[in-house]
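Novice: The residues making up each chain are set out below.
Number of protein chains: 2
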Amino acid sequence: MSARTVLWAHAVVLGLSLNPILTRVAQADEGMWLVNDFPSERVAQKYGFKPDSAWLDKVRLSSARLAQGCSASFVSQHGLVMTNHHCAHRCIEQLSSKGQDFIANGFAAATEAAEKRCPALEVNQLVAITDVTEPMRSALANKSGNEFSSAKKAQEAKLEKACATSAELRCDVVELYNGGRYHLYQYKRYQDVRLVFAPELAAAFFGGDPDNFNFPRYDLDVAFLRIYSDGKPAKVDNYFPFSEHGAAENELTFVSGHPGHTSREFTVAQLLFERRVRLPRRLAALSELRGQLTEFEHRGAEQKRYSHSVLFGVENSLKALTGRQAALLDPALIEAKRADERTLRARMTADKRPGFAGAFATVDRALKTYADIFDGLEVLERGLETNGDLLGIASRLLRAADELPKPNEARLREYTDSALPQLQQALFSPAPIHADFEILRLTFGLTKLRELLGADDPRVRLLLGKKSPETLATELVRGTGLADVALRKKLFEGGKAAVDASHDPLIAFVRLVDPEARALRKRYEDEVDAVLSKAHEAIATLRFESHGTDVYPDATFTLRLSYGAVRGWVDRGKPVPPFTTFAGAFERATGEDPFALPKRWLAAKPKLKLDTELNFVTTNDIIGGNSGSPVINKNAEIVGLIFDGNISSLGGEYGFDERVNRAVAVHSSGLLEALSNIYDAKRIADELRASRPSAGGASSAASK
Amino acid sequence: MSARTVLWAHAVVLGLSLNPILTRVAQADEGMWLVNDFPSERVAQKYGFKPDSAWLDKVRLSSARLAQGCSASFVSQHGLVMTNHHCAHRCIEQLSSKGQDFIANGFAAATEAAEKRCPALEVNQLVAITDVTEPMRSALANKSGNEFSSAKKAQEAKLEKACATSAELRCDVVELYNGGRYHLYQYKRYQDVRLVFAPELAAAFFGGDPDNFNFPRYDLDVAFLRIYSDGKPAKVDNYFPFSEHGAAENELTFVSGHPGHTSREFTVAQLLFERRVRLPRRLAALSELRGQLTEFEHRGAEQKRYSHSVLFGVENSLKALTGRQAALLDPALIEAKRADERTLRARMTADKRPGFAGAFATVDRALKTYADIFDGLEVLERGLETNGDLLGIASRLLRAADELPKPNEARLREYTDSALPQLQQALFSPAPIHADFEILRLTFGLTKLRELLGADDPRVRLLLGKKSPETLATELVRGTGLADVALRKKLFEGGKAAVDASHDPLIAFVRLVDPEARALRKRYEDEVDAVLSKAHEAIATLRFESHGTDVYPDATFTLRLSYGAVRGWVDRGKPVPPFTTFAGAFERATGEDPFALPKRWLAAKPKLKLDTELNFVTTNDIIGGNSGSPVINKNAEIVGLIFDGNISSLGGEYGFDERVNRAVAVHSSGLLEALSNIYDAKRIADELRASRPSAGGASSAASK
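So the protein lines, in turn, are chains A and B. Numbers in my numbering are just positions in the first sequence, counted from 1, shifted up by 3. Numbers in my numbering are just positions in the second sequence, counted from 1, shifted up by 3.
Rather than coming from a laboratory, the hints here were simulated on the basis of the structure. Treat each hint with caution, since some may be false.
One copy or two, it doesn't matter: identical chains are merged, so the pair holds either way.
Computed list of lysine to aspartate or glutamate pairs in EDC-like fashion (alpha-carbon distance at most 20 angstroms, straight line) [what the hints assert, rightly or not]:
no.	residue 1	residue 2
1	Lys164	Glu454
2	Lys49	Asp553
3	Lys610	Asp689
4	Lys322	Glu454
5	Lys307	Asp439
6	Lys492	Asp507
7	Lys470	Asp134
8	Lys492	Asp529
9	Lys161	Glu454
10	Lys355	Glu548
11	Lys499	Asp195
12	Lys191	Glu171
13	Lys101	Glu305
14	Lys161	Glu44
15	Lys470	Asp60
16	Lys49	Asp240
17	Lys235	Glu519
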């Protein structure tokens with residue numbers, strides 16, 4: 004029983020549970036486990052299959068990450084990569100133009116030569132993991148506040164640089180268990196990533212936002228990419244072949260992917276901070292932006308095409324955060340966490356080691372500071388990234404000019420040597436930039452700036468002067484030359500001298516924002532993040548002493564393996580079966596967006612095997628970031644492709660309940676059926692089929 | 004010490020207070036008091052002035068209500084009515100047209116003949132109050148659930164009908180103290196209300212949404228209306244003359260107005276329901292609508308003009324609800340309420356009277372039902388009123404046809420005889436209706452319907468069929484003839500036969516919605532509202548037994564009198580002075596909306612007395628609905644005009660803290676200065692000055 008299982012058990016004893024996430028079956032399929040610390044014995048006990056280290060290595064090397072924030076997998080020896088349509092959406096959109104709308108019409112490269120390069124996608128393959136807890140700990144010993152965060156940053160940069168011995172390698176220090184352990188992840192990095200196949204948005208996202216996070220579902224949320232090396236498809240030694248029939252009900256499944264973030268180790272005070280500060284602010288901003296973007300689509304079909312992926316992202320976040328908010332507003336969750344923490348607090352208080360007795364009070368203090376600076380951080384520092392492409396470009400150019408001359412370990416994290424390739428890719432992306440959309444987003448950001456800090460705040464006066472947000476945003480967007488990639492390159496390569504000499508109005512604006520944003524970021528790093536890390540180090544140590552590796556760390560957008568099974572659930576007394584079929588999709592279609600199936604589907608209907616499984620659910624423990632993860636069987640064969648969780652999975656940020664949390668996936672049989680019989684994509688289907696063991700592809704023998 | 008003061012004191016003892024509203028000064032200026040149960044002795048003790056019954060009667064009769072949801076006052080014997088610009092905004096907008104934009108340019112009737120009739124405003128003057136607790140109680144005795152709510156409605160309708168002996172009278176049974184008492188309010192009703200004066204929106208709402216609920220402020224948020232009777236200005240015997248100099252710092256002030264709603268008597272379970280269910284849903288919907296409306300303004304200047312008052316309403320609600328949410332998310336507030344309730348619960352549990360011991364459990368049960376039906380109520384029943392003018396008209400026509408043939412006491416409340424004049428005014432308003440705006444609002448409502456109930460909900464399938472929200476909304480709005488007032492009259496007058504025979508698509512749509520909406524409303528009335536009333540009757544009884552009339556009832560959009568004083572406060576260590584001046588407005592203006600002063604102001608600057616007070620704050624306890632309330636001195640002279648509360652007043656929904664809660668008002672001197680020296684409104688200024696006692700107007704002698 005993990006620490007968390009203990010926690011949920013409390014809730015049951017206390018009779019608090021109205022919330023399903025609080026009643027747990029024993030030995031649930033919970034956990035986003037480290038691939039190098041996987042509970043194989045536990046899986047063997049429950050499912051009769053024990054993954055060995057060869058199997059785990061194979062799975063790790065066949066898995067992939069999109070550095071921009073999704074999961075993926077290698078599915079042929081020729082570098083074919085499978086992920087979700089929604090993970091590749093931005094690329095598909097960027098490759099589209101007025102005449103060629105691949106979002107609306109889909110894309111299928113008939114030949115290798117027709118595969119199109121994505122302007123800004125990076126694929127990572129995790130090639131090595133090294134435990135660096137000792138070097139990190141010794142660098143941090145007896146440090147706190149600013150000294151702690153500087154030392155941490157420096158040591159991370161040092162370790163990463165030593166590890167990233169070529170531009171093809173990317174290295175990240177990963178903080179696990181809130182500083183309980185540090186690992187160094189070495190990735191092989193692929194930046195030449197090409198689009199091979201994507202269905203129409205209407206098929207990939209059938210049901211749209213209304214169905215998002217729901218099940219039954221009927222989505223073909225897939226895209227195939229290919230990694231290239233020296234202009235040729237990269238050869239990969241490890242990949243997942245497609246299973247012949249997919250997985251049956253109750254069959255053991257694994258999901259190998261990159262859950263982005265969870266907060267299951269949060270203290271009660273941190274959960275209350277989420278509930279009181281972070282979620283309300285984010286939800287209000289996202290809801291409002293959703294409204295603006297929805298109405299922006301009325302400006303025209305072009306506007307709709309190039310803004311849609313941003314709207315999708317906003318709606319997706321909104322639904323996810325709404326689910327989290329619901330979990331946190333249920334008093335039962337907080338009460339259960341409180342009950343669990345009571346025991347821990349008592350033991351911490353009695354502990355004589357330095358920093359232990361005061362750890363919880365330290366957390367409270369850090370959160371008080373965080374609350375004070377939260378709004379400023381949102382609208383200044385975070386706003387530089389969220390309020391349009393141009394603003395992001397301007398701030399990266401300015402900061403790169405300041406940061407790159409510094410020693411590697413003294414730079415802001417996203418400007419260290421190991422981060423440079425991703426930075427340059429974002430800076431020099433040839434993706435088109437649309438002025439009216441940029442104006443909307445920058446106006447939104449400036450309006451929030453004034454709203455959250457107040458019209459009389461000196462920073463607001465400094466940035467807006469006598470202008471309204473819209474006037475200023477319009478001037479900056481119309482006045483800047485940064486839509487031109489050549490200018491960006493010139494400024495980047497010209498370094499600080501070139502950037503300092505620039506009269507570009509957006510650079511000038513960012514020059515005003517930057518000191519304020521940096522000041523807040525520094526306060527956050529020194530007075531919040533470093534303080535929380537320090538306190539959590541103590542809390543995590545004590546937790547370890549009780550539970551050992553019987554617990555998994557919170558998600559960190561690094562590779563995790565979860566186990567589970569294909570299984571429906573019971574929703575308000577009604578059983579929800581685990582599979583849907585093509586027939587169901589046709590029954591549900593209304594002909595109106597987002598319930599309109601593409602013409603290709605309607606035309607293909609007569610020749611389709613309508614009882615082929617299209618989507619299915621499993622008990623695997625996943626969360627945002629897992630999108631695009633392969634679902635595999637014990638033979639490490641693809642049986643599905645994760646693209647969502649059900650609505651009950653949203654509280655998964657804070658806990659897992661096997662009774663109702665479900666991962667939602669596209670079925671492998673449905674994928675092949677669609678490629679072969681709906682789309683003109685026989686080339687891809689053949690490549691997938693050729694990868695099968697029976698067809699001569701490689702597979703790994705599974706130990707038991 | 005009131006019950007509530009006891010509650011806050013708990014918080015202090017428990018050391019919980021971070022939230023300012025939880026630490027109270029003794030004998031605070033708290034309370035929205037009934038005019039017929041005013042704590043004159045308490046005022047005398049603190050401020051040395053004891054209002055007597057003649058004074059109170061005079062104040063009551065000089066006060067007015069806009070039935071659509073604001074406060075007002077009579078300010079001359081010729082029926083001149085003063086309220087806020089934002090209370091008359093909709094009328095000003097409706098009287099505007101493409102060529103004549105009174106929102107942008109203001110309006111000043113040079114002669115009586117130039118005063119323009121508002122399409123849908125009703126002014127009420129409270130002429131009599133009767134205690135009807137006994138007849139209500141005896142009608143309700145030993146009833147519960149549906150029987151209770153039917154009996155209540157029937158008895159209310161009966162009492163109201165007997166009271167409203169002519170079309171000029173409007174009678175409402177008012178439930179006070181959650182059913183602890185019932186009063187029958189008799190109003191004189193004025194439906195011929197004309198616009199006399201309004202400044203430019205830029206002056207009325209200087210600072211716009213960013214400044215809303217903030218102080219210092221510089222808003223001329225005033226409009227003058229005039230009530231007419233038989234085509235002539237109505238003569239009124241009671242009105243407030245303007246004070247010579249306004250009120251000085253620390254001077255006693257009264258606010259006589261109509262606070263709309265407070266929840267200070269809520270149980271903890273009800274507060275948690277607000278926090279968990281109602282506020283998150285409303286905030287998400289309002290934020291999104293705000294985004295849509297903001298972007299809708301980009302469709303054109305005309306669209307901006309006719310949608311702006313809806314955006315204003317949305318932003319105003321949003322800010323108010325955000326403030327409430329912040330109060331409820333502060334754990335200290337809930338803890339304090341919980342501590343208070345503990346004592347009460349213990350006493351309730353021990354009480355042998357029927358319904359007393361189980362009262363709190365009854366509340367919990369009712370809230371569980373409420374949670375189950377909440378989304379349906381929002382999108383179906385409430386949606387009929389909030390998703391555009393046309394939908395509201397269609398549903399009123401349909402329901403009127405069904406309700407009016409029933410006996411008065413069996414009808415839905417808004418269709419009883421005493422409600423008919425307001426219903427007809429809304430139905431037959433000649434205000435223009437704009438199809439594109441209607442489509443936006445109806446699309447929004449239908450989208451929420453599908454989002455909150457789910458695409459597979461049978462009601463969603465019934466209403467949307469195979470159409471998307473936008474397609475259906477467009478068809479309904481383009482297809483309906485209800486923009487035509489003559490058709491509405493025909494259908495209304497034709498009654499059920501005419502409405503049943505109508506093939507108008509919007510009527511047909513509402514025909515589908517109505518049974519579902521009624522079913523939910525009935526469940527709400529029988530299983531939530533009636534059950535809560537019953538439980539609160541017991542709770543209120545026990546509270547009364549402890550505190551007597553030492554407490555005031557929650558706000559009910561009926562006349563209340565609050566007392567206080569002109570006084571600044573300390574905001575994060577910095578004193579905020581109570582007055583602002585015209586000079587301040589000019590200093591703060593940037594020339595950009597919403598910080599652009601109108602041209603008239605800039606032109607008038609040289610001749611203005613710049614040190615004239617423009618806005619000020621008082622400690623009066625007010626809330627939404629109080630907008631437009633007169634601020635008067637002990638001589639019952641106008642010293643100001645309430646138009647807002649400061650940001651700390653938003654938690655006033657749940658409690659009051661004299662240290663930081665402030666009412667925000669336009670200063671009487673500023674009003675006169677603006678009318679005389681900025682606007683061409685000498686006629687109005689003269690009328691106001693002529694009302695002064697020194698000028699021969701009537702005033703009341705104040706007792707001490």
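Novice: Out of the numbered hints, which ones does the structure contradict?
Specialist: 1, 7, 8, 9, 11, 14, 15, 16, 17
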